[in-house]
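With these hints in hand, go ahead and build the complete structure from the sequences.
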Amino acid sequence: MLYAADHTFFRGAQDPALHAGPTGAPPAPAAPQLASFFSGVHNPAPSPNQAGPLGVAAAPADLIATEYCGFGNPDPTFINVDKVACDGSFATIAQIATPNGGGCQELYMTIAPALAAGAVPFAFAPRDYFITAGPNIYQLRLPLSPVLFTSIPDGGCSNPGDHTGITFDHEGIPGLDFNMIVTCKGSGGVWKVEGDGGLDYGHPATVVNIGFIRD
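The numbering used here puts the first residue of the sequence shown at 135, with every later residue one more than the last.
Rather than coming from a laboratory, the hints here were simulated on the basis of the structure.
On a predicted model such as this, the values are computed, not experimentally measured, just so you know.
Glycine is no exception: its CB is placed at the ideal position from the N, C-alpha and C atoms.
Heads up, some of the hints might be wrong.
Distance ranges between label pairs, derived from CB positions [said to hold, decoys possible]:
| id | residue 1 | residue 2 | range |
| --- | --- | --- | --- |
| 1 | Ser279 | Ala195 | 13 to 23 Å |
| 2 | Thr340 | Leu249 | 30 to 40 Å |
| 3 | Ser279 | Gly206 | 18 to 28 Å |
| 4 | Gly252 | Pro338 | 17 to 27 Å |
| 5 | Phe346 | Pro277 | 34 to 44 Å |
| 6 | Asn183 | Pro255 | 40 to 50 Å |
Written as structure tokens, this is what we have:
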């Protein structure tokens, strides 16, 4: 199953009658259908300050999404992280401080896979959530509040301040060894993040630069 986020999710459904042929003639071929929305995740503010989800991450028992904007929250400098139920309903499970002090920011996420328990030299806890906010990587392990897992020492993650990519090595590539991988848009920096941070260690995790990808 593939889940994708679309922060501009307010659009009308297609009308099948628009694709009908002339009276008495065979129906005209239907136009390709837009993908239907599984969940209407959105920030609390009414239109025009309401927008859909941005970051999304899934595991066999979890589907989580970040809202695109902080509008409507009691403190609009925070963006909601939502957990989506099997029926498409959603509930806020955490809030993350935006890197630029509010507004609409692209916060991305990943879920530690089972393979990350074998990360070298420090194991990750499978099913922990990790959320980017500029150079900051937050760890979320329910029912606890999010904690800062580490910060990436790369100005390209601070400027533009969002668009920080995050995933895990799923192949055991030598040098990556099932650890977290973070990318910085502004610099092209690629960083390995080890598992020795956050809730289990009480200090920022070790980060190692593994190169830069240029346009």
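Consistency of the hints with the structure:
Take Ser279 and Ala195: their Cβ atoms lie about 21 Å apart, and the range 13 to 23 Å holds. At about 19 Å, the CB distance of Thr340 to Leu249 disagrees with the hint of 30 to 40 Å. For Ser279 and Gly206, the Cβ-Cβ distance of about 20 Å falls inside the hinted range of 18 to 28 Å, so the restraint holds. Restraint check, Gly252 to Pro338: a C-beta distance of roughly 22 Å satisfies the suggested window 17 to 27 Å.
At about 39 Å, the beta-carbon gap between Phe346 and Pro277 stays in the expected band of 34 to 44 Å. Separation of Asn183 from Pro255 is about 45 Å and conforms to the stated range, judged on CB atoms against 40 to 50 Å.
Checked against the numbered hints given earlier, this structure breaks only hint 2.
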